[in-house]
Amino acid sequence: GENVEQHPSTLSVQEGDSAVIKCTYSDSASNYFPWYKQELGKRPQLIIDIRSNVGEKKDQRIAVTLNKTAKHFSLHITETQPEDSAVYFCESELRFGAGTRLTVKP
Amino acid sequence: NAGVTQTPKFQVLKTGQSMTLQCAQDMNHNSMYWYRQDPGMGLRLIYYSASEGTTDKGEVPNGYNVSRLNKREFSLRLESAAPSQTSVYFCASSREFVTGNNYGYTFGSGTRLTVV
Chain A
1 GENVEQHPST LSVQEGDSAV IKCTYSDSAS NYFPWYKQEL GKRPQLIIDI RSNVGEKKDQ
61 RIAVTLNKTA KHFSLHITET QPEDSAVYFC ESELRFGAGT RLTVKP
Chain B
1001 NAGVTQTPKF QVLKTGQSMT LQCAQDMNHN SMYWYRQDPG MGLRLIYYSA SEGTTDKGEV
1061 PNGYNVSRLN KREFSLRLES AAPSQTSVYF CASSREFVTG NNYGYTFGSG TRLTVV
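Sequences listed follow chains A and B, in order.
The first sequence: position 103 = 103 (the working numbering), numbered continuously.
The second sequence: position 61 = 1061 (the working numbering), numbered continuously.
Just so you know, the hints here were simulated from the structure itself, not pulled from any lab data.
All residues carry an ideal CB built from backbone N, CA and C; glycine is no exception.
Each hint should be verified, as a subset may be incorrect.
Covered stretches of chain A, going by a simulated chain B footprint (3 or more residues, C-beta under 8 angstroms) [stated by the list, open to error]: (1) 29 to 39; (2) 63 to 73; (3) 93 to 100.
Construct the entire structure; sequences and hints are all you get.
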């Protein structure tokens, strides 16, 4: 089955800095790569996704990049704000990464 | 537009008791899923239903059963609850499940289950 590894497990940045979270997957047949954000006590919510026919997708301050050859995709958050503090999960073929707890310090 | 609705939100069971978690979606999605979330372990798939009339095991199916009652509803049953099943359970739905080309999930608000 699919194996999904996510790094780092925790990330602390200063407000205004950038944050990058990486996800590595094993199934070469995967073509859909989403990222979810989960605030404390809430449900996960889809924030951005990409399909393998493109290498990068942006939505305001967040972007996802894909390297299909190396089997990894990354979430980039620029100009971080305290409200970006949450746990972020990647997913591939029904499997989720273990999550990255992002803390943005004011 | 409610999205995905789960009941109950909280439940405490004694070891050996049974219960059913209910999930319904109103987005006309074909596929539905049950995940459990434990600290430090992300979300693990229990069962999923790619389409009405089909169900398949996920990563951690032991101790659970599911029923896809119709296109809208997908229930999860614990026949004999064990302390190891203490977790937060999320139901989710997606437009459809296509191996290698899935779609994004919409999650319910979760059920916090404690088995004592």
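Hints and how they fare:
1. 29 to 39: holds (count 6)
2. 63 to 73: violated (count 0)
3. 93 to 100: holds (count 7)
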